[in-house]
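Q: Each chain, written out:
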Amino acid sequence: MSITKRVRLRVNGVEHELDVQPYERLIDVLRYRLGLTGTKEGCSTGDCGACSVLMDGKVVPSCLVLAVSADGREIITIEGLADGDQLHLIQQAFIECGAVQCGFCTPGMILATKALLDENPNPTVEEIKSALSGNLCRCTGYVKIIEAVMAAAAKLKPCSDGVQNES
Amino acid sequence: MCRFEHHAPTTLEEVIILLTKFGAEARLLAGGTDLLVFMRHGRLAPKHIIELSKVNELTRIDETKDGFIIGACVKLRDIERNESIRRCYTHIAEAASQVGSVQIRNLATIGGNLCTASPAGDMIPALMVSDAELRIAGTNGMRTLKMEEFFKGPNETALSATEVLVSIHLPPPKPRTGGAFFKLGVRNAMDISIASAAAKITMSESSPEVVSEVKVALGSVAPTVILSRNVERVLIGKRISDALIEEAARSVMDEVKPITDHRASEQYRRLMASVLTKRALKLALQRAIGK
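As given, the protein sequences belong to chains A and B, one line each in that order.
With the first sequence counted from 1, adding 7 to any position gets you the working numbering.
With the second sequence counted from 1, adding 1 to any position gets you the working numbering.
Don't take each hint at face value.
Unchecked claim - If you want a taste of the chain B side facing chain A, the calculated C-beta under 10 Å gives, among others:
hint	residue
1	GLU6
2	ILE50
3	GLU52
4	SER54
5	SER266
6	TYR269
If you are wondering where the hints come from, they were derived from the structure by calculation, not from laboratory data.
Treat the numbers as computed from the prediction; the structure is a model and nothing was measured.
Idealized CB from N, CA, C, for every residue including glycine.
Isolated chain A, as found in the complex:
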């Protein structure tokens, strides 16, 4: 029973080879094996979005993915967004718009925003609400979060010469 399996994960650009128990979840490996505690565990049942990470570019709740199922996948966590000391402009927009209160939902919100803007660089307010509907903020600061997403989208918008503003 419970035979460990070797998995290969590429997390924030770094290759890891780990022996995991079948019942370990992706969030367990990220937080307790790799020390990436930016990914938060809220409800543990996929309802709150706090544990959201990008898996092969798609936003998923890492509490509902077995580590063995993530074998060979590319994972991006909140720690993987900044470039050294330079915050990602979505992170910067959240700070500038005051979209962070207690901060527990913020990593998930930012990764869900990244997934949205990668797919749809010019979202409407309705599209933002729909894309973030799986991320709960219990400080209820949704208005400023939506403003931050709009601000990030505006900054990410390519200029006419195809070069991004401030990215």
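With chain A fixed as given, assemble chain B onto it according to the hints.
A: Leaving out everything else, chain B in the frame of chain A:
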């Protein structure tokens, strides 16, 4: 979470061998958005998990001259975003887009939604009105079931312990046909429906105002999703009108058998089944005429 052994077969044959070997101790893992939650809550404690995502034929969408073949492990997000499905089976894409959140839809699969067999499963009404057929593999080869034959009760399907749902087959879309899906919850996202309705309507070729075929399926208002026979009786062969749609919508209130629970009362669900039927029929009609 309970302790289990993980298996990741790459062919259907291997899946069935594993199911035969481990029997009731095994559970199939598709997207995991139900299974891992049930395991977390201790409602299920399988000793063996058989993951299906490595079986190629389960993860494909094929468009053929005989219609669409959707693999059981296709993600709901991929159904929601598939251009052909959005065009030909709008109501199926609509239903997929209303399940959970983006995060959930990136994991959850169409087959998982069917096999969990919740009376509130959002894909079930949409597929039921689409004449979808289910291909099932087992120790004796393949068999095909209609949607109505698959559901036996809340969380109960016709699958035996050694069978696996392989794909969902949709017949080619008919001309002068439209479909729609509506779901009612307390909030739009991450909510189990209080009631849901899917409708599909086909207008006659010779007299385009006459209904030649219609189907309405209702979720969360009976132990399983149900297909309304009353709506067919009221509408087929008749010249369509608002009054007739009202009558069809009222007729479902005699067919539903809702319960009262913390989400809604029996009376409210009965009424909402009628309201959603009306909305779904109206939008389906608009789409059928628009084509």
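Q: Work down the list of hints and note, for each, if the structure agrees.
A: Tested hints:
1. The closest approach between the C-beta of GLU6(B) and any C-beta of chain A is roughly 6 Å, which is under the 10 Å cut-off, so the hint is satisfied.
2. A cut of 10 Å between beta carbons decides the hint on ILE50(B): the least distance to chain A is about 7 Å, and the hint holds.
3. The interface hint given for GLU52(B) holds, since its Cβ lies 6 Å from the closest Cβ of chain A, which is under the 10 Å cut-off.
4. Taken as an interface hint, SER54(B) checks out: its beta carbon lies about 7 Å from the nearest beta carbon of chain A, inside 10 Å.
5. Among the interface hints, the one on SER266(B) is violated; its C-beta lies about 24 Å from the nearest C-beta in chain A, farther than the 10 Å criterion.
6. Contact between TYR269(B) and chain A, as hinted, is not supported at the beta carbon level, the nearest pair being about 24 Å apart and thus beyond 10 Å.
Hint violations for this structure: numbers 5 and 6, all remaining hints satisfied.
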